[in-house]
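Novice: Each chain, written out:
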Amino acid sequence: NAGVTQTPKFQVLKTGQSMTLQCAQDMNHEYMSWYRQDPGMGLRLIHYSVGAGITDQGEVPNGYNVSRSTTEDFPLRLLSAAPSQTSVYFCASSYRVVGYEQYFGPGTRLTVT
Amino acid sequence: LAKTTQPISMDSYEGQEVNITCSHNNIATNDYITWYQQFPSQGPRFIIQGYKTKVTNEVASLFIPADRKSSTLSLPRVSLSDTAVYYCLKTGRRALTFGSGTRLQVQP
Chain C
413 NAGVTQTPKF QVLKTGQSMT LQCAQDMNHE YMSWYRQDPG MGLRLIHYSV
463 GAGITDQGEV PNGYNVSRST TEDFPLRLLS AAPSQTSVYF CASSYRVVGY
513 EQYFGPGTRL TVT
Chain B
739 LAKTTQPISM DSYEGQEVNI TCSHNNIATN DYITWYQQFP SQGPRFIIQG
789 YKTKVTNEVA SLFIPADRKS STLSLPRVSL SDTAVYYCLK TGRRALTFGS
839 GTRLQVQP
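Line order of the protein sequences matches chains C and B.
Taking my numbering, the leading residue of the first sequence gets 413, the next gets one more, and so forth.
Taking my numbering, the leading residue of the second sequence gets 739, the next gets one more, and so forth.
Don't read these hints as lab results, they were simulated from the structure.
Backbone N, C-alpha and C define an ideal beta-carbon position, used for all residues, glycine too.
Hints are supplied without guarantee of correctness; some may be wrong.
[Stated by the list, open to error] Simulated DEER-style distance windows between Cβ atoms:
no., chain 1, residue 1, chain 2, residue 2, range
1, B, E752, C, L491, 45 to 51 Å
2, C, M431, B, M748, 37 to 43 Å
3, B, K792, C, K426, 33 to 39 Å
4, B, G753, C, I466, 45 to 51 Å
5, B, N763, C, A464, 31 to 37 Å
6, B, E796, C, P487, 33 to 39 Å
7, C, E484, B, K807, 36 to 42 Å
8, C, I466, B, K807, 30 to 36 Å
[Stated by the list, open to error] Computed far set for chain B versus chain C, every beta-carbon distance over 10 Å:
no., residue
9, E755
10, G781
11, K792
12, T794
13, F801
14, P803
15, A804
16, L834
So that you can see chain B by itself, here it is in the shape it has in the complex (with noise of 0.2 Å):
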């Protein structure tokens, strides 16, 4: 059940582009890479999922290379509110595991 590697915290302002790395070197040819996002107290929320190239939604964006080795979150114009641990997860074939998460702080 090998994890997927981000960083542990993130800084940034009201209005900012931020993009979170996740690398993960052993995916396999069937795993997914899913995002969650997690306020204190409350279980994690999905925000995105992709399997190669670019997905977007009405919240984020994930780019996800040729080699599938890394993934980038990108969320646009952040605002106080998305601060929260993002997590980055390879979803396998039998168990979704979760690594530490990075800590976004939105500072105004």
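Bound conformation, chain C alone (with noise of 0.2 Å):
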């Protein structure tokens, strides 16, 4: 299994550009999530997915898109990129939400100028 994998590792936008982060799992997950992780900080949760068809809003949604067609991939776009969205973007994906391990991508570094 190659886990989870995300693409680009690394991106750099101009400011009002827009553009889609990959994500994808081969281990037949119905749970996936996006992640951002600003230098010296938290995780914050972007939004989230418990199956193919289902997504919800987590902490910090406004400026990002996400759907899920598909078990394995679920690909986050961001709409007009902004500077404060420079970020470390992270995927994860767990048979479950509750009471099964989370498995984490290797992140996506983004710089928006």
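Using the hints, build the complex out of the two chains.
Specialist: So, in structure tokens, the structure goes:
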């Protein structure tokens, strides 16, 4: 198993540009989520999904969209990038949300200029 | 999405036992307590999870009292490689939220 994969590893955007961060898992996990981590801070939940076709907002959803058309993929779309979105983005998955270990991807380091 | 409360930082020396306490007063009946470890530039990694009493695995122990309003992660005989940030989470029904974590610094 590849586990949780994220692409790209690094990305630089100009203010106003849009892009999609990709996340995929091959463990048949129902629960997937996106977090952002600013320097020296903890992780903040952006969006999550408890199964294909079901998504919900986390703590900091503004400026981001998600979709979950398949069990394996959970892309995060930045609609119009802003410097405040400069951060490291982590995708995670688990079999269920309660009682199961979450597996994290390696992260995407995004810089918005 | 109420979070947990942990000390911001702790210092220790190699070979000592480290106990990190987490407060979660509003824990729900079906919440588990889960601890993660994060090294710089990496995603968090699962350490241990429990519901009540004591759980032990090859790297740590987790103590949860009967009222479940707090929990303590115990790391036996820490080494320099245990220097990391440790997060305590309540794994709720719909989402997992991280607090600020405890930055553990292990000195030689």
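Novice: What are the numbers of the hints the structure violates, in ascending order?
Specialist: 3, 10, 16
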